[in-house]
Amino acid sequence: MKNIDTVGHVTGKSVYLDDIPTIAGTLHAAVVGSEFAHAKIINININEAAKIEGVVKIILHSDIPGENQIGGIIEDEMLLAEHEVHYQGQPIAVVVAESERIARRAAHMVKVTYEELAPVTNPREAKEKSLLLIPPRTFSMGNIDEAWRKCKHIVNGTVEIGGQEHLYIETQGAYAYPMEGGYIRVHSSTQGPTAVQKTISKVLGVPMHLIEVDVVRLGGGFGGKEDQASGFAAMAALATHITGKPVKLVLPRHDDMRITGKRHPYSADFKIGLSDDLKILAYEATLYQNGGAAADLSPAILERTLFHSTGSYFIPNTRVTAYSCKTNLPPNTAFRGFGGPQGMFVIESAIAKAAEHIGVDAIDIQKANLLKENDEFQYGQRAENVNAHKCIELASNKFNLVNLKKSIENYNKNNKYSKSGLAIMPLCFGISFTNTAMNQARALVHIYQDGSVSVSTGAIEMGQGVNTKLAQITALMLGISIQRVKVHSTNTTRVANTSPTAASTGADLNGHAVRIATSALKKRLISVAAQELGCSEDELNIENETITLNGKITHLSWQNLIKKAHLKRIALTENGHYATPIIYFDKTKEKGHPFAYHVYGTGIITVTVDCLRGTYCIDDVYIVHDFGNSINSIIDLGQVEGAVVQGIGWVTMEELAFDKKGKLLSNSLSTYKVPDIFFAPKTIECIALPTEGPNLAILRSKAIGEPPFMYGIAAFFAIQNAIKSFNPKHRFKFDSPLTPEKVLMQLYSKDETDITK
Amino acid sequence: MISFILNEKLVSTSNNPGMSLLDFIRYEANLPGAKIGCREGDCGACTVLIGEINDGIMAYRSVTSCLFPLINAHGKHVVTIEGINLNNKLTPVQQAIADNAATQCGFCTPGFVMSFTGFCISSKEPSTQKAIEAVAGNICRCTGYKSIERAAKDIAKAVQNKDLNDPINWLIQHGFLPKYFTEIPERLKQIQPQTISEKKPDKIIAGGTDLMVQQPDSIYRQKIESAFNINLPHEIIISNCTCTISGATTVNDLLKNDKLLSRFPELDNYLMLVSSEPIRNMATIAGNLINASPIGDLSVMLLALNAQLTIINGDKTRQIPLNKLFTGYKQLAIEHEELIQLITFELPKSNATFNFEKVSKRKHLDIASVNTAMLIEIDNGIITKFRLSAGGVAPFPLYLEKTSKYIAGKHLDKGTIAKAFELIDEEISPISDIRGTAEYKRLLLKQLFKAHLQKVVGDEFYKLI
Ligand SMILES: Cc1cc2nc3c(=O)[nH]c(=O)nc-3n(C[C@H](O)[C@H](O)[C@H](O)COP(=O)(O)OP(=O)(O)OC[C@H]3O[C@@H](n4cnc5c(N)ncnc54)[C@H](O)[C@@H]3O)c2cc1C
Ligand code: FES
Ligand code: FES
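Protein sequences, first through last, are from chains W and P. Everything in the first sequence is counted per the numbering used here, starting at 1 for the first residue and increasing by one. Everything in the second sequence is counted per the numbering used here, starting at 1 for the first residue and increasing by one.
Bound conformation, chain P alone (with noise of 0.2 Å):
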C-alpha cells in the first residue's frame, strides 16, 4: 500500500509503485488539472508539489508528477491545482497571472500557478529572478513570456514580506493557500513508513528522471524499490576540506546547501545549468553518474573533482574512483546488485579555481552538446594540480588524464597551452548525433578550454592561445 495526502484527501492505492504520479492523479483520482504535454519532464505541464517534513519543517518542492514513481509519493503531501484553489477567490499567483494576461490558450498555465505557489512557499530571498527561476522548467508555446515575467515580478512582491518562520501560515492568511495546509504536518505523521519488502527487487529507483524517461512500461511491471528508503544517509557532510553526499542527495539538495555553496565559490551557477528546478529536485547524483550519460552534468564536475565511491552490497562496502566507474558506453564497473552510498570528494582549496562550462542548444534545461569541468591550482606561476573532465567528447563522460597529466607541474604559458590543444584533440573521439556534428564538438571543446583560461586569468587569456 502506498498511502499519502493527495490535496485535503488521504489516499491509499494498492496501484504499482511505477506507475506515474501524473497517471494516478489525472486517471485514478479524477483530478485533471495537471496537464500531459510531454511525460519525460521537459514541458512542466504537469507540475504538482511535494510536501514533506525535513527536519521538523513542512517543506514543499515543486516536481514533475510525469516522472514522479507512485512509490516516493508515500507518506507524503502532494497539491495539485485543485488542491490550491479558493472558494470563489483567486490566489495571489493566479492573481498575477490573469492580471498581466500571461495565460492564452491555457494549457501550460497549471503547471506555472503551481511552479509559481512552490516558489512562494520555498524562496528564502523572494525576487523577480527567483520566481523566474522557478517557472524554468515551464514551456508555454504561446505567451513568449513577457505577460509570465510581468506576472512573477507581482508575485516576488507578494511575498516580500512572507514570514521566514512560519512561511505555511504567513501564506494561507494571504491567501496563497487554502486554511486545510496547517493540519498537513500532523496529518502526515500518522501515516506509517513504508515497510520494505525482503524479496530483491528488479530495480532500484531514485528521482525516476531517468528511469521514468528511458522505461517507464517496464518500471510500471517491475517490482522497484526507492533508493531514498534504502540508500541513507541522506546529508551532506562537510568537514575541513572533504565533502561527503549520500547518492540519494538531489541537486537541490546541493543547491540549496549554504554551507556547501560558502566552500565551493559559483557551484550554485554551475547547478543552476542542469536541468530544471523541478528536475532537480528529484535527480539525485547517484543516478546522475549511474545513468552514464556521455554528457552527465554532475559526472563531469565530480571528474573533474576527482570524486571517489563509496560502493555498497548488502554488509560489503568498496571504494572505486569515479574515473574508474565508466568503462564504454552506458558500461559501468558497479555491479547490478550494488549501490552507491557516498560520493566524496576534496572541496576546491582557496588556491584553487574550479570552473565549468556547458554549451547546448538552449541554455537551460537541455542536454549539453559540449560540457566541461576543470580544477586547477597554482603555486608561484607553476601549476601544482590540473584535472580536465569533459562530456559529450566520448562515449562516456571523460577524464581527460594525458592533458591533465600533462599541465600539471608546467607553467601557465603558451607552450603549454599549445600542447593542451593537442592533447585534447588526441585524447577525445565524439561523434555526430542530434546535439551535434563530431566536427563541432571538437571545435566546442577547445573553445571551452579556452573559457577555463579566461576564469584563470581574465580577458587577458587570448594571450595565452
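The shape of chain W in the complex, shown without the other chains (with noise of 0.2 Å):
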C-alpha cells in the first residue's frame, strides 16, 4: 500500500509549517547568531535595529521569564547567549518584527561586539585539553591484552570520519499563537514535540499544560529535528509570550546549516589481531566524537557508537573507548543510524586494513567473523535469530558475487584509466532506544458513531510512511477498511508524554500502543456483538467491516454495531500504553539486554573510478535485506532506497567545511552537496530475506528507518579498491567522505607511486 499522504503530495495540498494559514498581525522572527566560534560577549547594541520601522521586539536572554536552558540531556545549552557563544551561529537575540524580511535586516543591524577566544575544532585536541561532554565510556569484553599474544596479523591504523548536513529540504520552523489565559499553541516542524513542549513550558516558567505543540507532518527530519527543533519553537513561543501576538520562525536555509548540529566528525585510533585462518581476536579502538559545543543528542549517540563498534561481528576480545569531545561547533545531533555508523565505520576500515596488509580480500575477513547464533555482543546481550550469514549467502548468490568480482577484474585489466571497484557492507543495526525508559508510547483511539476512526499517537510523520503503517494497523486490528481510518496530526494534549520519533522505533513503539487500544475497543465490541447475537465471544470475528461467526459472515455490520455499542453506552475511546519488554542496560558494567530485536543484512556496492579527473560514479548497489515480515513493502523498499543513497552521500561527496576558526564553509547548498538524481546509483536492487520477523516488532515487521543508511559505507571502500588497482602503490586511507579531489590526489599520490608525471 502506498503513502496515505501520496494524493496531497502530488497535488501540493499536503501542509507543511510554512503552509498553515497565517492569523492576521502574524509577526516574524529572526535570529541573530554569533559571528565567533569562541568569543566573550562584551556589548549588544540594539539601538539601531530596534529603529527600523516594522521591529516589534529584540528579545535577549534577560527577557527569558523561566530558564535560559533548552539541554535535553544535560542542562549546558542557553537558548539565548548571555556572556559567552560557543560556536559560530549560537543564537543571541531575536528579532521580531512585522515581517520576515525587515526581522532579518534588523537582525543584520544588531551590533555585538566580542573579545574572541580561541576556538578548538578538532575533537583529538579537545580531549588532550579535558574539553569532554561526558567522562568517558569503555565497552569490554574477554581479555584483550592475553588475546594480542594469540594473533597472527596485528595492524593498526587511524580513521578520519566528516560529519553530515541533515538537509531535510523544509528548514526548521515553529509558529506559535496566543490563546487565553496565557496558554500558547505552537507548531513546530520536530521530530519531538514533548521536547518542545518541555523546553517551552521551562523558558517561560509555565506549567507544560499552558503549551500545546501540533505537528501535521515534516518536511524531512532524518534525526536533525530529534533535538534541534525545540530550541526555535521556544524562540517563537518566547516572542508570542513577549509580544502575545502570533510569531511565526522559519529559518533561511543559511542559518539553518550555520546554527544546527549535524551528523558527528569521529576521530578514530584502531588495533586488530587476526588468528591465521582470519579470525578476529582482538580489537581495540579509541573514538573521539566531535560533540559540539553542547551536549544535545552526543551522549546517547556516543553510546550507540559504541554498542555498534564490532559491526556485525563476534569478536571475544575487544576494548572500545570513546571520548565526547566538547568543541566549537555547534552541537551535534541525531543523524539517521545515531552514531551507528561512525562505529561500524572504523571497524570496516579496520578490517580493509587487516586485508591489504594479510593480502586477502576484506570479504573473506568479513565472512569468517560474522555473528552466529547466542554469540555474545560486547554490551552483554546474546545475538538471537542471528541472518547475518543468510544475508550474505544470498547476496552472493543470487548477485552471483563470483562473477561481480571477476568482471571488475577484467574491466580494470582492458582499461587504463577507468576501474571499477566492489566493496560489501554485512548489517547488523539494534533497534530499540538505547535509553530504556524511552521504550514507551501511547495511542489514543476513537471510534466515532458513524463507525470511523480517528487515530493519534506520539509518531512523526516526517516521509517515513509511519501514518500509512498505523492506518494500516488499525485496519488490520480492528478488521475494517484503512478508508475508515484517520491518523490525526501529533499532538501533545492527545498524546502526552511521548518519546521522540527516532531510532528507527516510530512503527514499532506506536504501532503496538495502537495495537493495544484497537484490540481492547476491538474486545469491548465482540462481547456486545455476542449480546446481540447471542453467542460466546471466542466464536466472533470482524473481518471486512461485517461480524463474523465462526468465519461466516453475520448479518451484524461494523456500522451497525457501532451504533449498538453507543446505545449501549460501551466507550468507543481507548487509550493504549505500550512500554517494551525485556529490555534493560546497566551502565555501571556496560552490559544489559538494551535491544529488542537486530536487523540485518548485506550490501554490494560497485563503482568506477575516472582516473584522469579524478570522478567517480556509483554503478551498481545489491542488497539483501532482512525486514521481518514487512507490512508495507513500497513504503520499506522507499525507505531501503533512499537511505542507502544518502549513506553513499556521507562517504563520497558530503563534505562539511570549517575553517580554522570554527566557521562553517559549506554553508549553502551550493557549497555542500548532496546526491542528485544523476549521481544516483544506476541500479539499486533489493531483496528481502525471507525470515519470519521477530515478536517483539510490530506485526513481526522490523523497523527500517535508520538499518540501510549502512549499506552506504561499502561505496567508501569500493572506491578505495578502485583507486588501488590504477596506483597499485595507494595504501588505503579511511579519511571520509572520499570526495573527488581526495580521489585524484589518492590515484596519483607522489610517495607511493611514479605515475604522476
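These are computed hints drawn from the structure, not numbers from a lab. Glycine included, C-beta positions come from ideal geometry on N, C-alpha and C. Fair warning: there could be bad hints in the mix.
As the list claims (entries may be wrong) - DEER-style ranges, computed between Cβ atoms:
| # | chain 1 | residue 1 | chain 2 | residue 2 | range |
| --- | --- | --- | --- | --- | --- |
| 1 | P | Ile431 | W | Asn414 | 38 to 48 Å |
| 2 | P | Lys157 | W | Gly592 | 48 to 58 Å |
| 3 | P | Lys203 | W | Glu180 | 45 to 55 Å |
| 4 | W | Phe678 | P | Lys157 | 54 to 64 Å |
| 5 | W | Gly181 | P | Gln190 | 50 to 60 Å |
| 6 | P | Lys200 | W | Ala50 | 28 to 38 Å |
| 7 | W | Phe678 | P | Glu198 | 39 to 49 Å |
| 8 | W | Ser452 | P | Gln222 | 50 to 60 Å |
| 9 | W | Cys617 | P | Glu426 | 28 to 38 Å |
| 10 | P | Asn30 | W | Phe678 | 32 to 42 Å |
| 11 | P | Ile236 | W | Asn414 | 34 to 44 Å |
| 12 | P | Thr128 | W | Ser452 | 37 to 47 Å |
| 13 | W | Lys750 | P | Gln222 | 50 to 60 Å |
| 14 | W | Cys617 | P | Glu422 | 31 to 41 Å |
Hints in hand, dock the two standalone chains.
Written out as C-alpha cells, the structure reads:
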C-alpha cells in the first residue's frame, strides 16, 4: 500500500509548517547568531536595529521569564547566549518584526561586540585539553591484553570520519500563537513534540499544560529535528509570550546550516588482531566524537557508536573507548543511524587494513567473523535469530558475487584510465532507544458513531510512512477498511509524554500502542456483538467490516455494531500504552540487553573511477535486507533506497568544511553537495531475506528507517579498491568523505607511486 | 505595474519588481504549493513554469521561482502546481509519481511535478533520459531517486505520441493540463508591454541567477530594469563561420538552437554541465560574463573561442575581446552603465577540435573546481591554432596566453606537451578554497589538459605524456 499522503503530496496540497495559513497580525522572527566560534560577549547594541520601522521587539537572554536552558540530556545549553558564545551562529538575540524581511534586516543591524577566544574544532585537541561533554566510556569483552599474544596479524590505523548536514528540504521552523489565559499553541517542525513542550515550559516558566504542540508532518527530519527543533520553537513561543502576538520563525537555509548541529565527525585509532585463519581475535579502538559546543544528544549517540563498534562481527576480545569531545562547532546531533554508522566505519576500516596487510580480500575476513546464533555482543546481549550469514549467502548467490568480482577484474585489466571497485557491507543494527525509559508510547483511538476511526499517537510523519503503517495496523486490528481510519496530527494534548520519533522505533512503539488500544476496543465490541447475536465471544470476529461467526458472515455490520455499542453506553475510545519488554542496560557494568532485536543485511556496491579526472560514479547497489515480515513493502523499499543513497552521499561528496576558526564554509546548497538524480546509483536492487520476523517488531515487520543507511559505507571501500587497481602502491586511507579531490590526490599520490608525471 | 497571468487569473501588482516570484506566489497570492528549500536555485522545490509566446507559439519553460524577479514575469503565464491540478483526478505526471511511490516527505514533490510537466510540454523527443534531465535541478533528500527514475520512465512513455504541432491541446486532451491553458495565448496578448522608465535604473537584471543569490535584499529595494526589456535583439545569428548571440541569450536558448548545435559538435554535452534545466532557462550569457566568477563555464568556453564583445552605452558602441574584459577578481573593463549587447565568435572549423572539461564535486548542478576549454586546429601534423582557457586557477576566468602561444605552430609531440605542462604551471595561480586546495587544482588542470589531448588523439594520448 502506498503512503496515504501521496495524493496530497503530488498535488501540492499537503500542509507543512510554513503553509499553515497565518492569523492576521502574525509577526516574524529572525535569529541573531554569533559571528565567532568562541568569544566573550562584551556588549549587545540593539539601538540601530530597534529603530527600523516594523521592528516590534528584540529579545535578549534577559527577557527570558523562565530558565535560559534548552539542554535535553544535560542542562548545558542556553537558548540565548549571555556572556560567552561557543560556536559560530549560536543564537544571541531574536528580532521580532512585522515581516520576515524586516526581521532579517534588523537582525543584521544588531551590533554585538566580542572579545575573541581561541576556538577548538578538533576532537583530539579537545580531549587533550580535557574538554569533554561526559566522562569517557569503555565497552569491553574477553581479555584483550592476553589476546594480542595469540594473534598472527596485528594492524593499527587511524580513521577520520566527516559529519553530515541533514539537509531536510524543509528548514527548521515554528509558529506560535496565544490562546486565552496564557495558553500557547505551537506548530513545530519537530520529531519530538514533548521535548518542544518541555523546553518551552521551562523557558517561559509555565506548566506544561499551558503549552500545546502540534505537528502535522515534516518535510524531512532524518534526526535533525529530534532535539534541535526545540530551541527554535522556544524562540517563537517566547516571542509570542512577550508580544502577545502570533509569531512565526522559519529559518533561512543559511541560518539552518550555520546554527544547527549535524552528524558527528569522529576521529579514531584502531588496532586489530587476527589469527592465521582470519578470525578476529582482538579489537581495540579509541573513538573521538566531535560533539560540538553542547551535549545535545551526543551522550546517547556515543553510546550507540559503542554498541555498534564491532559491526556485524563476533569478536571475543575487545576494548573500545569513546570520548565525547566538546568543541566550538554547533552541537552535533542525531542523524539516521545515530552514531552507529561511525562505529561500523571504524571496524570496517580495520578489516580493510588487515586485508591489505595480509593480502586477502576484505570479504574473506568479513565472512569469517560474522555473528552466529548465541554469540555475545560486547554489551552482554546474546545474538538471537541471527541472519548475518543468511544475508551474505543469499546476496552472494543471487547477485553472483564471483562473477561480479571477475567482471571487475576484467574491466580493470582492459581499461587504463577507468577502474572499477567493489565492496561489501554486512549490517547488524540494534533496534530500541538505548535509553530504556524512552521505549514507551501511547495511542488514543476514537471510534465515532458513524464507524469512522480516529487515531492519534506520538509518532511524527516525516516521509517514512509511519502514519500509513499506523492506519494499516488500525484497519487490520479492527477488521475494517483503511478508508475509515484517519491518523491525526501529533498533538501533546491528545497524546502526552511522547518519545521522539527516532531510532527507527516510530512504527514499532506507536504501532504496538495502537495494537493495544484497538484490541481493547475490539474486545469490547465483540462482547456487544455476542450479546446481540446470542453467541459466545470466542466464536466471533470482525472481518471486512462485518461480524463473523466461526468465520461466516452475520447480518451485523461494523457500522451497526458501533451504533449499538454507543446506545449501550460502551466506551468507544481507548488509550493504548506500550512499553517494550525485556530490555535493560546497566551503565555501571556497560552490560545488559539494550535491544529488542537486530536488523541484518548485506549490501554490495560497485563503482567506477575515472582515473584521469578523479571523478567516480556509483554503478550498482545490491542488497539483501532482513525486513522481517514487512507490513508495507512499498514504503520499506523506499526507506532502503533513500537511506542507502544518503549513506553513499555521506562517505563520498558530502563534505562539511569549517575554517580554522570554526566558521562553516559549506553553508549553502551550492557549497554542500548532496546526491542528485545523476549521482544516484545506476541500479539499486534489493531483495528481502525471507524470515518470520521477531515478535517485538510490530506485526513482525522490522524497523526500517536507519539500518539501510549503513550499506552506503561500501561505496567508500569500493572506491578505495578502484584507486588501488590504478595505483598499486596506494595504501588504503580511511579519510571520509572520499571527495573527487581526495580520489585524484590518492590516484596520483607521489610518495607511494611514480605514475604522476 | 507588473501584470501577468498566474495560473488562471490575471494579476496586476505594484509590488517591488525585484521581489522574488516565489515570495509573491506564496505570500501575496497565497498559493503554498511551491516550496522554499534554499532560495538559491539549488534545490528546485520552488519550480514553476513560465509561459510566453515565442514566434507565435506558446512555449513553457521551468524556472526556480526563488530567483525569478517579479519584473521578468510581466506579460507571462506563471504556472504553479495549483495551476495544473485537475478536479478529482491526477495528471499522468502526478499519477506516475504516485504509482512509483516517488514521494516520501513530499516537500520536494511539487517541484518535481512542475519540472516533469515542463518536460511534457516542451520536449521534442520525449525519452526517459530527457525526462530525468528535466528534474536534474530538483533535489530529493528522501527517495534515493530510483522511484523518481521509474516515474520518469512512465512519464516519458505517456507523452510518446504527443502531437508536436499542437502540444498544449494534446496535453489538455490527455489530462496533463487543465482546459484553461487554451485561452492563455489570447489573454496574454491583452497585456500591454512594460514601459521602460526614463530614469536610469540602479541595476540591470537579466536572469537574476546571480543577483538574486548574491544580493536579494538590495535588488528588492533598488530600482531595477530587466535586460530582456532593453538589451535585444534577442537572437542567435549564424553566418558562414561566425556565431553572434545577444547578451540576453540564455544558456538554454543555445542548447535548443538546432542550427548552432549542428555547427558545433558536442556543444550540447558541454552546456548540459552548466547548472540545471531551470537555471539554464534563466541564466544569460552576458550575466555569466559580467558575474566574472573565476569558474564561469561560459566565460571559459568563450575565452577559448576568442569571443568578441559588442558593448553599448546609450548610442555609443565599442568592441573588446573577451580576453580583455577580466582584469582582476570580480574586476571588469566595463563601466557600470555599459551593457554587453552582442557576443561574437568563430565557429570551430572542420579541422578543429573544441573540448570543454569540468570537474566538480557533483557532476551536475555544481560549480567547477576547475574547468577548461581548448580549441585546436591541426594541419599536416602542425598545430596551426591553439587556445587554452581555464577557470578556478586564477582570480578570473583565465586565457592561458603563454601556453597557447607556445603550442601554436608546434608539432603535437612529447616535447611540446612537456613544455606546455611547465607553462601551465607558471601561468596559473590557484588558491585553496571550498572548491579544493591549490595543490589539487594544479594537478586537476593538468589532468584535464590530458583529457583535452585524449579528445584530439584518442586513447593513445598517454604516449604524449
Ligand atoms: C543554482 C545555480 C547554479 C549555477 N551553476 C552554474 C554553472 O554550472 N556554471 C556557471 O558558469 N554558472 C553557474 N551559475 C551562475 C549563473 O549561471 C550565472 O551567474 C548566470 O549566467 C548569470 O546570468 P543571469 O542572467 O542570471 O545574471 P543576473 O543575475 O541577471 O546578472 C548578473 C550580472 O550581470 C549583469 N548583466 C546582466 N546582463 C547584462 C548585459 N547584457 N550586459 C551587462 N551586464 C549584464 C547584471 O547587472 C549583474 O551584475 C549558477 C547559478 C545558480 C543560481
Ligand atoms: S527554493 Fe531552492 S531552488 Fe528555489
Ligand atoms: S520526498 Fe522528501 S525531499 Fe523528496
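Range hint 54 to 64 Å: satisfied by the CB atoms of Phe678 (chain W) and Lys157 (chain P)? violated (21 Å)
Take the C-beta atom of Ile431 (chain P) and the C-beta atom of Asn414 (chain W), compute their distance, and say whether it sits inside 38 to 48 Å. holds (39 Å)
Pairwise beta carbon distance, Phe678 (chain W) to Glu198 (chain P), judged against the given window 39 to 49 Å: About 48 Å separates the Cβ atoms of Phe678 (chain W) and Glu198 (chain P), which means 39 to 49 Å holds.
Please check whether Lys200 (chain P) and Ala50 (chain W) have a Cβ separation lying inside 28 to 38 Å. Taking Cβ atoms as reference, Lys200 (chain P) and Ala50 (chain W) lie about 35 Å apart, which means the hint holds.
45 to 55 Å as the expected CB spacing between Glu180 (chain W) and Lys203 (chain P), which holds or is violated: The hinted range 45 to 55 Å holds for Lys203 (chain P) and Glu180 (chain W), with Cβ atoms some 49 Å apart.
Do Cys617 (chain W) and Glu426 (chain P) keep their Cβ atoms within the hinted range of 28 to 38 Å? holds (34 Å)
How does the Cβ-Cβ distance of Asn30 (chain P) and Phe678 (chain W) compare with 32 to 42 Å: does it lie in that range? Because 35 Å falls inside the window, the suggested range holds.
Outcome of range test on Cβ distance (Ile236 (chain P), Asn414 (chain W); 34 to 44 Å): holds (43 Å)
If you check the beta carbons of Thr128 (chain P) and Ser452 (chain W), does the distance land in 37 to 47 Å? Given a distance of about 42 Å, which is inside 37 to 47 Å, the answer is holds.
Note whether the CB distance of Cys617 (chain W) and Glu422 (chain P) lies within 31 to 41 Å or breaks it. Taking Cβ atoms as reference, Cys617 (chain W) and Glu422 (chain P) lie about 33 Å apart, which means the hint holds.
Mind checking the hinted window 50 to 60 Å against the Cβ distance between Lys750 (chain W) and Gln222 (chain P)? holds (51 Å)
Range agreement (Cβ of Gly592 (chain W) with Cβ of Lys157 (chain P), hint 48 to 58 Å): Because 55 Å falls inside the window, the suggested range holds.
Violated hint: 4 only; the structure is consistent with all others.
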